[in-house]
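A.B. asks: The task is simple: from the sequences and hints, build the whole structure.
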Amino acid sequence: MATADATIEHAAGPTTPDGVDVTCVGVSKWFRDFWLRPRVRAVEGLDLEIRRGEIFGLLGPNGSGKSTTIKMILGLVSPTAGRIAVLGRRPRDVATKRQIGYLPEESYLYGFLSARETLDFYGRLFRLPAPIRRERIDRLLEMVGLDAVGHRPVREFSKGMQRRVGLAQALINDPQLLILDEPTSGMDPVAARQIRDLIADLGRRGKTVLLCTHQLSDVEDVCDRIAIMFGGRIRTSGRCAELLAEESATTIRTPPLDPAVAGEVRAVLARHGVDPVTVERPRRRLESVFLEVVEQARAAGVTTSGAQAGGAVPDFLRGTDEAVATAPAAQPAQPAGGVDTDLIESLLRKPTDDAGS
Amino acid sequence: MTRGREGLPALTVAAWLGAVIALVAVGLVVWLGPPAARAAATGAAAMAVGYGAGVPALRRILARRSGIASVAGAVVDEAIRLRSTLVLLVLVAACIPLLPLLLDPSERLAYRVQFLVSWSLGTASLFLCVLTACLACGSVCGDIESGRIQMTLAKPLARWEYLVGKWLGLVLYGLLLVGLAGIGCATLVWMLAAGPAADAADRDAVTGQVLVARRRIAPQPADPAAYEAAIAAALAQLEADEADVFRAAPAAARQRIRRDYDRQWHTVTPDMVTTFVFPGLGRRAADVQLQMEPRVTNVDVDLADVRFAVWLNGRPWPPAGDEPREQTLPSRARHVFDLPPELVATADDLEVRIANRNLVPPGETRATAITFAPGDGLMLFVRTGGFTANLLRCLAITWCKLALVAAVGVAAAAAFDFPSAILATLVLYAGAVGNDFFRDALGSYNVVGDTAWGRAADRMWYAAAHLQEGRIYAAVRMLLGFVTDGVLWALPSFSADAAIASLATGVEIPRSVVLSRLVLFGGVYPLLCGALGWFVLNRRDLVRG
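Top line first, the protein sequences correspond to chains Z and L. Position in the first sequence (from 1) plus 444 gives the number in this note's numbering. Position in the second sequence (from 1) plus 2 gives the number in this note's numbering.
Among the clues, some could well be false.
Unchecked claim - Stretch by stretch, here's where chain L covers chain Z in the computed footprint (C-beta under 8 angstroms, at least three residues): (1) 513-521; (2) 547-556; (3) 569-579.
Claimed, not checked - With a cut-off of at most 25 angstroms between alpha-carbon atoms, the simulated SDA-like pairs for lysine to any residue come out as follows: (4) 603/Z - 149/L; (5) 603/Z - 550/Z; (6) 603/Z - 147/L; (7) 603/Z - 661/Z; (8) 603/Z - 507/Z; (9) 603/Z - 150/L; (10) 603/Z - 741/Z; (11) 603/Z - 630/Z; (12) 603/Z - 144/L; (13) 603/Z - 511/Z; (14) 603/Z - 592/Z; (15) 603/Z - 674/Z.
To be verified - Over the 10 angstroms line for every Cβ pair with chain Z, so calculated as not near, a few chain L residues: (16) 200; (17) 306; (18) 324; (19) 469.
Just so you know, the hints here were simulated from the structure itself, not pulled from any lab data. Just so we're clear, the structure is a prediction, and the values are computed from it rather than from any experiment. Note that beta-carbon positions come from the ideal geometry of N, C-alpha and C, so glycine has one too.
C.D. replies: As structure tokens, this is what we get:
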């Protein structure tokens, strides 16, 4: 394994002097008709920077230019104007593409190849040695839950299973830059959740991820920065936490409260002139219920002819040790117990303190 | 584990195909009986075994960690697994073994073997070219239109590598199929040739004129310089006497004069002896055959006999004392004589003198002349090899043609959608097959100057003259000659080598021809097509719609 690894034609990724993996400056794309007249202005004056190790969400309604932007970054479409640099090189550069993994918005796979053959085909395009290919194919099929059906032709797969194959092929070269266009499209909530976790995990391992999706909850969960496109232009962009911060309200989440305790909280708040106050029992998310049912069925040994539960992220998708070490820790558990009025007081005071400072 | 599972579908397809063909063959043997059915069954079995062994070998060759080999391997997988291509393949596989069943057992064996060779390889060549065109256009257009090319070219694969990979896959798959056609053809031919012949002459014809490779030598006049001088003098006379006619079409005038002289020289008039020299024979030549197809002139009888006497290198043949024995042969029939080595090997060139000994027909005052059609009426053949080597050369040329069709298909598919690409490819294929016909039809149209520059100047001059006289249509027609010249210049010719016809008539396909086809069809044309396809694909946005 170690010997074969040494022959792989890839390194940890070309270093970009400014730590920026993708740069788009004034990029425009006009599609022309047969008579070379501009037919569609897909992208106009796009400026974009994606830094190394960040998970960047590119959002926008249908036809806003997201996919065209991605295809220009991949060198599949030439920009009409502007400049694009990917990992410090031109997008068409073959050396650049050794470091890129790409999952398109639809599964463009050879239906006559099996899942295993599909991954082998793409692995050979990256010139991976046969032992490495076999090892990675096994691990990736295991990760996406298709190891039991890897010999079946892809055309027999459901859309979600084909997306899993697509995701696996995007990871076979251990890419530095991963471009995912609608990665959870057609997938069941279990797989979608696994992909969200995978993206977050890859981010922690120092990979750069460009995520393009309509699933806004996915973006909220995993993205560091986002940009929202409309009409071929970026209308807003910034850090996800900043853009999503709600300044006009405060939410206090507690275990179920006794009505008397709730009344006490209301009284405290009323003393500070906070009115109105809404107290309600939160609902569970349907996703949680769904995941729980599937987990129970699997635990009971119910079999399925489709995809199995995905496995862990393979070891070969390794990030730099530094990136993994400095990754943010998991979210702390919610505090349990009665009402912490001091916490409420401090939260209520904080805006005033901030304003004062 | 991966390799084992990858190999399985190819073997399955091969096994399935082989089983179907074998079942058909067994059925034919049972119901139709030997020997034709036995030949068909053996041919089918040989092809099935060849396919079963060839496909895994091909996939193993392409199982390399290279972008080009990966794309080529995917093309081969596509070819062996898609139903549409499988149907065409079954058609090819079925046509060859079924041919013996179409042959009339009462025909002479030599004719049946010739028919089998020409039709089996001709049919296979046609089907394989169509199959290659469909595969080339379907594979590349399918990738572009379905979006698969986006995933492929998002990988470290240059666009030229993608095109080369597609072409390589098609060419290697074509090699396998051409090889199978060869195996099928050879098996059937050997089976058929081992069967009973009509008579000893029929058997000799099979072994000496069909299943053999012979160098063809055309006759020359005894004094070529004098012959050319005579033609030049005739032309000069024509130019002096009818200057306008000559200047209007000098090439046509030259062709006409030369044709007249050739016909005249190939005619042996009564009481005359004509000498034909076959050059470059060599003193060690053995197995030399003289083929002649004499015709009589001056009489209205088509099938009259001809009487003549022959001297080889000045010695009578066949000897009857000091003079040759007179021979009588039916006219308009092809006769082949094995020449005695002791007469042939006395000089580097073979001199054949033919004396007309025809009798004076009733009611005539003079005997009829004997004439040989210039080109193939009188020919010398020297055995140079066997049928197998010649078959391999023929297959190599067929494969080169597939390589060219594949290149055109890939280039067209890089530029157009599937219907336009397949149409363009098939039009070019038809043009290449009918190139000689087009050359004759279009070449004699607007034939003016002798050189390309001369033709261009003449065309411009004539077009201007037509315009001045208000004949716009004639002027445009004259200028269209530039287009026809360009098309004829650029269009490859699949018919010029006549490889299959040569193989079927036991004529050696020269190495130089094979080499030229390898360079031209397997190298130059694919390179040009590839460059064109790359130029278009490199500037094309790979988005659907």
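A.B. asks: A separate judgement is required for each hint: does it hold in the structure or not?
C.D. replies: These are the hints, each one checked on the structure:
1. Only residues whose C-beta sits within less than 8 angstroms of a C-beta in chain L count toward coverage, and the segment 513-521 of chain Z has 5 of them, enough to reach three; the restraint holds.
2. A stretch counts as covered by a chain when three or more of its residues have a beta carbon under 8 angstroms from one of that chain; for the segment 547-556 of chain Z and chain L the count is 6, and the coverage holds.
3. Look at the segment 569-579 of chain Z against chain L: 8 of its residues bring a Cβ nearer than 8 angstroms to a Cβ of that chain, three or more, so the hint holds.
4. With a CA separation close to 16 angstroms, the supplied pair residue 603/Z and residue 149/L stays within the 25 angstroms bound.
5. At most 25 angstroms may separate the alpha-carbon atoms for a hinted pair to count; residue 603/Z and residue 550/Z meet this at roughly 9 angstroms.
6. Distance hint between residue 603/Z and residue 147/L is fulfilled; the C-alpha atoms sit about 19 angstroms from each other, no more than 25 angstroms.
7. Taking the CA atoms of residue 603/Z and residue 661/Z, the gap is about 21 angstroms. The hint holds against a cut of 25 angstroms.
8. Among the hinted pairs, residue 603/Z with residue 507/Z is consistent with the structure: their alpha-carbon atoms are about 22 angstroms apart, no more than 25 angstroms.
9. Taken as a hint, the residue 603/Z and residue 150/L pair is honoured in the structure, with Cα atoms around 15 angstroms apart against an allowance of 25 angstroms.
10. Straight-line distance between C-alpha atoms of residue 603/Z and residue 741/Z comes to about 22 angstroms, which keeps the hinted pair within the 25 angstroms bound.
11. Of the pairs offered as hints, the one joining residue 603/Z and residue 630/Z holds, with about 6 angstroms between alpha carbons and a cut-off of 25 angstroms not exceeded.
12. Taken as a hint, the residue 603/Z and residue 144/L pair is honoured in the structure, with Cα atoms around 19 angstroms apart against an allowance of 25 angstroms.
13. For the suggested pair residue 603/Z and residue 511/Z, the alpha carbons sit about 19 angstroms apart, so the restraint of at most 25 angstroms is met.
14. For the hint linking residue 603/Z to residue 592/Z, the alpha-carbon distance of about 17 angstroms falls within 25 angstroms, and the restraint holds.
15. About 28 angstroms separates the Cα atoms of residue 603/Z and residue 674/Z, which puts this hinted pair outside 25 angstroms; it is violated.
16. Residue-level check passed: residue 200/L sits 51 angstroms from the nearest beta carbon of chain Z, beyond 10 angstroms.
17. Under the 10 angstroms C-beta cut-off, the non-interface status given to residue 306/L relative to chain Z holds; the minimum distance is some 66 angstroms.
18. With 10 angstroms as the threshold on Cβ separation, the claim that residue 324/L sits away from chain Z holds: the shortest Cβ distance comes to roughly 78 angstroms.
19. No beta-carbon of chain Z is positioned within 10 angstroms of the beta-carbon of residue 469/L; the least distance is around 32 angstroms.
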